[in-house]
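K.L.:
For reference, the chains in residue letters:
Number of protein chains: 2
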Amino acid sequence: MQNLLQGLRIVEASAFIAAPMCGMTLAQLGADVIRFDQIGGGIDYRRWPVTERNDSIYWADLNKGKRSLAVDLRKDEGREIITRLVALPGANGGIMSTNLPARGWLAYENLCKHRADVIQLAIVGDRHGGTAVDYTVNAKVGFPNLTGPEDDDRPVNHVLPAWDITAALLAATSLLTALRFRDQTGQGQKIDMSLADVALAAVGHLGYVGDRKINGNARTRGGNYLYGAFGRDFVTSDGERVMVMAISPKMWSGLLAATGLKDAMKALGDRLGLDLDLEGNRYRARRDIAGVIEAHVRTRALAQLAEAFDANGVCWGRYQSMTDLIDHDADCSPDNPIYHLVEQPDIGTYPVPGQPMHFGAVERQPARRAPRLGEHTDEILGDLLGMSSGEIARLHDQGVVAGPT
Amino acid sequence: MQNLLQGLRIVEASAFIAAPMCGMTLAQLGADVIRFDQIGGGIDYRRWPVTERNDSIYWADLNKGKRSLAVDLRKDEGREIITRLVALPGANGGIMSTNLPARGWLAYENLCKHRADVIQLAIVGDRHGGTAVDYTVNAKVGFPNLTGPEDDDRPVNHVLPAWDITAALLAATSLLTALRFRDQTGQGQKIDMSLADVALAAVGHLGYVGDRKINGNARTRGGNYLYGAFGRDFVTSDGERVMVMAISPKMWSGLLAATGLKDAMKALGDRLGLDLDLEGNRYRARRDIAGVIEAHVRTRALAQLAEAFDANGVCWGRYQSMTDLIDHDADCSPDNPIYHLVEQPDIGTYPVPGQPMHFGAVERQPARRAPRLGEHTDEILGDLLGMSSGEIARLHDQGVVAGPT
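Residue numbers (this note's numbering), protein chains in the order written: chain A, 271 to 675; chain B, 271 to 675.
Chain A on its own, in the form it takes in the complex (with noise of 0.2 Å):
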């Protein structure tokens, strides 16, 4: 928690992980962000991991630093309390951030009707109204088929939601820009963004199709290699395994330094009629460059190769299990100060993260905890609708809205 955005107020409706995400980053950044749900929770409440129990750690962590305000959206009444919220006077308000689909009530010409200058950002699956996921994503976009082995031609998709990352951060960079723009304009906006677009378009930023379009390239599955410099993963005598890379010329006399095959590389680039100092070359001649480090680091050990690999600034890494990472990195415990220990009402305490960047201006807070379902409800409305006590009581009754149960 850094307070950077502190009174800017972003109310979101969302599941899963992109919009989520956006708004726990401007959460974790300072902002007031609210999401609302219906009451007994969306579609994302009981998303695994789950606590025996069934309470949601994927839930918890998507949503840190939030206010949540429970409501019965299939009520006219509920759906005017958060028309209402959304357009609350102010340069710090009149945000909505969404991947649920804005139609209806929720759409921002609806909005608009309320505060003229609302800023909605609604994120879907494809450009032609498609359902999409980050996994039916990938596997549109190619990864899969370059990810994986090189002898087994099986895709493979990857673990990570990298997309939903992207259009999460995608979306935080974009409120901020229409922000900026309303600050200086008084104009409002809609923002409309498909998972399938943000990753087309990193196939594009990323050289993949300027190298199809202009070189003819069809690019193959190429495994553990990186591509158009050297780098693979290699097993040490002790049975660790390592990442070890050069792309930089600076990277490669490192390298060369730290295993003292200066003089093996000069023959092998002889033989090869290849200048290896060229990265593209080294990536020509990447199959025979491991062949010779791999002799080289399966006998020695991990201990030995670090000691080597630092003194010389190679660029390399020791492949860990997650679970190895979480329970002995020290990078991945509160002894990193983007981690703290936190208590998390139903599920329990255990190291959080806020987020990575560290802002000079400003102390770092502890992470805050995600809200229980509804936990703010009743100041919400009292606080920022103006509500009576008597009128947030009626609205308990008539099952309008809720509080945590």
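These aren't lab readings, by the way, just hints derived from the structure by calculation.
Incorrect hints may have been included.
No copy is singled out in the list; a pair is fine if it fits within one copy or between any two copies.
[Said to hold, decoys possible] Using 35 Å as the maximum straight-line C-alpha spacing, the simulated DSBU-like pairs for lysine-lysine come out as follows:
#, residue 1, residue 2
1, 532, 383
2, 345, 532
3, 345, 383
4, 520, 536
5, 383, 536
6, 520, 383
7, 520, 345
8, 345, 536
9, 532, 520
Fit chain B to the supplied structure of chain A, relying on the hints for placement.
P.N.:
Frame of chain A; chain B shown alone:
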């Protein structure tokens, strides 16, 4: 290109993906992003993919819409030019982004001497001062061990540089956040982030840390199965491959309706003693469910399945090779409004994406090409630093700056 951040000026010292993509994103949103490089180009200037004549498509795609300034950074006068550029007055200036070492003359403390409220964002490898790149960070946080076929225990590197992309977009979010903070308080700041911390935070945000600490779960490789609900890839009778998923109740009932497998799944649930209407039980029973769906999919052609799936709102996607995507999918062409045919000097004309977001308040302009190295040297020195043509000529003569070659 969408003119929302018009006037905003960001000076960038960058290489590879994270910082360049941050700047490219903001440039495509209308900011004036000035990338400066050593005369002749930095360490990413020849990164693959390159054309036959060794011009980097990678570099071009990551620097779209920016201006380029070529300077001899070893000369004091070259360094002074950059310092003056960063320190230019005005609410839209005084912003710098870098993933090169922000030390010495480029250090925040030095820039502050020239403009007290400067904002500098610096991306490094890890918090301990070590080198780290996307591949080494990924190895550290454990995703390679969780990725790939269940019958193969070799780690699988991801091909998509997901951590670089995440860092890029967190950097963009951070710069806009710090800019808003400065607009409101007058205070600039240094923003520090490391690529390793970006990945370490994501592991927490996505529930892995909580699942381990609270439940004691050691997450293992799950092949192409989705975690926590039902989803997997299947091969059709005509040899196509599809990803089929059901997370929400609606997705599940859609899948049962499309396949006519409602009774079969009911019988399966009864046999297993699991209510398959609950997503967690669909995960527990994933292998049995997959067996039933596999028998259905492998006897049907893609076209037939697609019709039934789409008619019933099934969440599914077809696996394409990236070559098929680029050659034949209209979504990855100027048929999609995010793509534009752009002529890139030295490289050629090919479809280039803008940002995937559509902003309602401005018209989308065609994506802009990348600069040639040093293309804007003279106009930056003249227009922004107010140098005379004589002064600029002297700087060229003395090798302090360079234009395009």
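K.L.:
Now look at each hint and say whether the structure bears it out.
P.N.:
Structure-based check of all given hints:
1. 532 / 383: neither (71 Å within a copy, 44 Å between copies)
2. 345 / 532: between (74 Å within a copy, 32 Å between copies)
3. 345 / 383: Classified as within; 19 Å inside a copy, 59 Å across copies.
4. 520 / 536: Within one copy only: 16 Å inside a chain, 62 Å across chains, cut-off 35 Å.
5. 383 / 536: neither (72 Å within a copy, 47 Å between copies)
6. 520 / 383: between (60 Å within a copy, 31 Å between copies)
7. 520 / 345: The answer is between: 21 Å across copies meets 35 Å, while 64 Å in one copy does not.
8. 345 / 536: Classified as between: cross-chain Cα gap 33 Å, same-chain 75 Å, threshold 35 Å.
9. 532 / 520: Classified as within: same-chain Cα gap 13 Å, cross-chain 61 Å, threshold 35 Å.
Hint check: violations occur at hints 1, 5; the rest are consistent with the structure.
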